[in-house]
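Produce the entire structure from the sequences given, and follow the hints as far as they go.
Number of protein chains: 4
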Amino acid sequence: MKHNILMDLFPRTIDLIFTKQDLAKLKSIGNLVIWEGTRMPSEDIENHLPETEAIVGQPELPEERLRMAEKLKVIINVEGNFQPNVDYGYCFQKGIHVLNGGIVFGQAVAEMALGFALSLARSISQADSLFRKGAEVYGSPGCKTSFLISGKSIGIIGFGNLGRSLLPLLKPFHGFIRVYDPWLPDNCLREFGVQPCGLEELIKQSRIVFMLAGATTENRAMIGRRELQWLQENAIFILASRSSLVDFDALTEALQTGKFMAAVDVYPQEPFPKDHPIRRLDNVLLSSHRAGGLPETFKLMGEMIVDDLELIFRNLPPVRLQKATRETVVKMRSKPVG
Amino acid sequence: MKHNILMDLFPRTIDLIFTKQDLAKLKSIGNLVIWEGTRMPSEDIENHLPETEAIVGQPELPEERLRMAEKLKVIINVEGNFQPNVDYGYCFQKGIHVLNGGIVFGQAVAEMALGFALSLARSISQADSLFRKGAEVYGSPGCKTSFLISGKSIGIIGFGNLGRSLLPLLKPFHGFIRVYDPWLPDNCLREFGVQPCGLEELIKQSRIVFMLAGATTENRAMIGRRELQWLQENAIFILASRSSLVDFDALTEALQTGKFMAAVDVYPQEPFPKDHPIRRLDNVLLSSHRAGGLPETFKLMGEMIVDDLELIFRNLPPVRLQKATRETVVKMRSKPVG
Amino acid sequence: MKHNILMDLFPRTIDLIFTKQDLAKLKSIGNLVIWEGTRMPSEDIENHLPETEAIVGQPELPEERLRMAEKLKVIINVEGNFQPNVDYGYCFQKGIHVLNGGIVFGQAVAEMALGFALSLARSISQADSLFRKGAEVYGSPGCKTSFLISGKSIGIIGFGNLGRSLLPLLKPFHGFIRVYDPWLPDNCLREFGVQPCGLEELIKQSRIVFMLAGATTENRAMIGRRELQWLQENAIFILASRSSLVDFDALTEALQTGKFMAAVDVYPQEPFPKDHPIRRLDNVLLSSHRAGGLPETFKLMGEMIVDDLELIFRNLPPVRLQKATRETVVKMRSKPVG
Amino acid sequence: MKHNILMDLFPRTIDLIFTKQDLAKLKSIGNLVIWEGTRMPSEDIENHLPETEAIVGQPELPEERLRMAEKLKVIINVEGNFQPNVDYGYCFQKGIHVLNGGIVFGQAVAEMALGFALSLARSISQADSLFRKGAEVYGSPGCKTSFLISGKSIGIIGFGNLGRSLLPLLKPFHGFIRVYDPWLPDNCLREFGVQPCGLEELIKQSRIVFMLAGATTENRAMIGRRELQWLQENAIFILASRSSLVDFDALTEALQTGKFMAAVDVYPQEPFPKDHPIRRLDNVLLSSHRAGGLPETFKLMGEMIVDDLELIFRNLPPVRLQKATRETVVKMRSKPVG
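Protein chains in written order, with the numbering used here: chain A, -7 to 330; chain B, -7 to 330; chain C, -7 to 330; chain D, -7 to 330.
The set of hints was computed from the structure by calculation and includes no laboratory data.
One or more hints might be untrue.
In this list, chains with the same sequence are indistinguishable; a pair is considered to hold if it fits within one copy or across any two.
[Claimed, not checked] Straight-line alpha carbon distances no greater than 20 Å define the calculated SDA-like cross-link-like pairs of lysine to any residue that follow:
(1) Lys65 <-> Gly81
(2) Lys(-6) <-> Leu308
(3) Lys65 <-> Phe305
(4) Lys266 <-> Tyr130
(5) Lys65 <-> Tyr82
(6) Lys125 <-> Pro269
(7) Lys136 <-> Lys291
Bear in mind the structure is a predicted one, so any value in this text is a computation, not a measurement.
Written out as structure tokens, the structure reads:
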């Protein structure tokens, strides 16, 4: 018996998320109602809800709509951040799973963050630019400010999906790794082989600081003027999760002093003003919100959706996508994708 | 009792190689004769040889000079490549260790090679350049050609010091790793957890190919037109050991087709012609022989020198620097540092 | 403000579970009502329920009692198996966490299982016994049937807490690891670096088979006569989770043929009949339900309880103990501790 | 062109060392003269020496014989310890490789040592013995003295082939690992991720002490009364390399106090006296020199011999077997296999 699946995918699409194989697999277990390109019209949604067992996407799902969906077992967000479109309390009460595909971005962001760190520690991007201008410096005179990541002290701010994906990539560099995450007990961090640490000690003691926390109601601008001053001379600061975690004006000013280096992937507004002074600084590596959204990352989301739907329809708990939790879902504050 | 150590360091210097601590340690075990900046004059060398127990540097050491050095236990090359300055056969016969500090470059080159791979796979350098021009593309549209390293097939050509340093950095990406090294038995490679492989299969099957072989009398231009055609569409080719291993004209032409991407750190001549077309290609990342010569790399050489001298003076075998071997030292072909 | 915690610990005790430090920490966040040695009397429980915010232990908690506990946020089982003492449906509906301390046994069982495997592969226990009788055989004649674990194919049945704790201990042996777990998608297993596999292929292809599945309503006697015949000549079969997963009579008979070796830690009845023939077999290693219950394992449970209570009282989700899930809690079938 | 290989294998045999495949491979590269069961007669050896390019085995090879062997490139010891049968100085002078197959025992000894540690930490052998007597104790009362290896401080004495094979097996237990090896610089040990340490601190600080040093002229009875008193209460001491490293009488006495546990695989005499009191102690695990000599270990030796001979005949340096070094070969003191 096939299960009714309502797919209201905007801003994603079937082709973005699913390989042919995964789509075929999905069709073999479900009757799919697919809407792409815009939000599905209300009437359509409401017509389908009474028979729907799974929703993939971010339609508005207030209590009155959820009440219509008596067979609903799961709602899967494909944007990547839990948003206020769902009445989470109702879902928790009724045992409707609310899942998030955003977990797939972990590996992509982790690789990018490591790439940023290596690029800055070795001036890879800058040296390429010099070479194109014919101004390259050969050999050790060209490496005077370069340093190894191996053996350096590393700080990770936020140890959710992103931080946990980064950790194994850092392990073979044998540095001392500190983690700050106020939602996790110290013993939990120790089990990962890292040193739990307060924010101040982390920033002061680390040569490379990775900002990988998600945006919550509690951490807006947690890195401000004071925190940026804690950074070591020639430290590397990598901002690869959410822009709101940093006071961007303070970051720009601090970078202008030249004391440390930074990689920035996320901005207070996107597109970012063309005349912003950060665009002209040599000690910053700029990237335009490109850490997560790779083609294969989205395909991984599709694979996880199919896997978890199969489990749920077999009356087993989902294991791959991220589950909304009662306590934290209300604290999530990421904005929808532009 | 202190040991007589002759240090003819050009093109290196004491300050480049030794931390204060290591220099102090060295002075506590040895009477140092130090010459920097130019080659030590012949007369000086020959005056010192009869009492010298260790030579650090690359003076000319033909048999007639070595015969003067009756107390000599070890010669340590600080340039990084075994060169024809030493009568190796005489040393082997007399049990004089010939050691090479070049082993210290392994970690530095490995980190750089991974940095190159991540930079190309994610267009880090290119995106930074676009951002500075105000031409950045945000989010997934800016990542259309990006790919994860995780899970990709990787090929390593040459599994000496450089390849072995890279391997642990690649392991957490869980790709299938093939290695081509004609000097090593397949079973030896299998013990490292990699797949031994012929050159053709390696190039054809790998998404990322790392050229990390040293230059020998046997491998000049081992990567030529034919081999470059074996590369996959959108493959990454990283040249981080010696330029002579590649037919550079063929590489430039192949890159001009746009079929694959490359990072290049070494060149047939350095400085490289300012008008060379490779400088204008978008699918190449250019670096000016900057993979190995970091300040801390040279300091590691000093640490290893002190450690091995201590062992040798205690009548124990050296364990840190690379030992010349009878069979391969005659095949080494790297040129002296400019 | 302190939180009211009701501790009805039987068959565990405060001293078993908590170090002095953890107990002090617990007292600093909670007003503790502690009952040990027997089940807490009903009247006491019901008197306390209206103000109780956390219950540690396994009192009967049907809906009528849970309705009294309007402030209840969490129930923590300290026995190690979810049992029918709780109205789980009510808890899920009301958002009361139901947690299980059994997760602490993972590392202990994993180490024991590896110890069993090494002991059998190398006849450690048997050789000790021979030595005490003066019948030892020296050197290679004494190792004729011994084998390395390194490089052998390994099968793990059940990939919950126990299997996941074993996996990292097995990784450095570089064997090919197959896992059978019908509750997990193949892709999930692949992310752990193991090969998902059907039961028949797993048993037939593995030199060492670890039975680490929990007891559910679906897997009673999943290893019977037929499955035992799939075992390789000189295979090792390790039963370290629940006895009910194996047809014990069939196991005894199969071991009597001498075809394979086994380690057994759990039995259909405990104490086990003194005259059972398995006690006299040379190809079996016998242990009396000793894989999990170490002093430090119980102390780890205490540490996790304190950590998760702190989180819950801070209105954050628990992260260390195992959470009951709606779909599987009804399928759990382990019996209470004797 | 085939190469002449003289194989005087006693106390090993062709069948012990070579798989059919490896023997076939060897025959394809060499003309084999094989002698087994006893030492090859002198006349035969001397007749063959002038044309011999490789010797596999331990015939007497004083200078006068080596002078006959003008084409000799390599001598491979298949017993496992360098012995005074060879004029090493002559070989070093002439560039004749002297190799040792003993390196193959590393993995086997490492697995056994870990098996001993797990067996003692969890009373695996003792519990099996109790179960067979019907005196088993179930559950946690039966684990009162058991402890996890995870997180414990570990000490390794001697960091040659055996210690280096053990290290990766210990890593996933996440303990703090100290190593004492007077032939290695501290920095060398640090590169392995272990803490270099003096003998006294190592013994005092470690819960489990692995004695894995080889026997040299410098370390006879390095563990005597004083050192045994440094062991912690309930420590585990594992003797798995050479008996001569320990004052065996002192070890027996110390074990009689019951303060710590030990596993013993090697003895001052083998066979060991039937009435020795150590045979009756409960806190010791006894094994009869069974840590290394497994069938597959010897086959690995054959594989390595074939690999290294192929390299040497291709005029490349051997990479798999252990090389004799001028400084240490004279300090090796292991006795020939009985």
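Going down the list of hints, with the structure as the test:
1. Lys65 <-> Gly81: both (14 Å within a copy, 15 Å between copies)
2. Lys(-6) <-> Leu308: Within. Shortest intra-copy distance 16 Å satisfies the 20 Å Cα cut-off; inter-copy 37 Å does not.
3. Lys65 <-> Phe305: within (8 Å within a copy, 29 Å between copies)
4. Lys266 <-> Tyr130: between (33 Å within a copy, 13 Å between copies)
5. Lys65 <-> Tyr82: Intra 12 Å, inter 18 Å, cutoff 20 Å: intra and inter.
6. Lys125 <-> Pro269: between (22 Å within a copy, 12 Å between copies)
7. Lys136 <-> Lys291: Classified as between: cross-chain Cα gap 13 Å, same-chain 42 Å, threshold 20 Å.
When the structure is compared with the earlier hints, no violation turns up for any of them.
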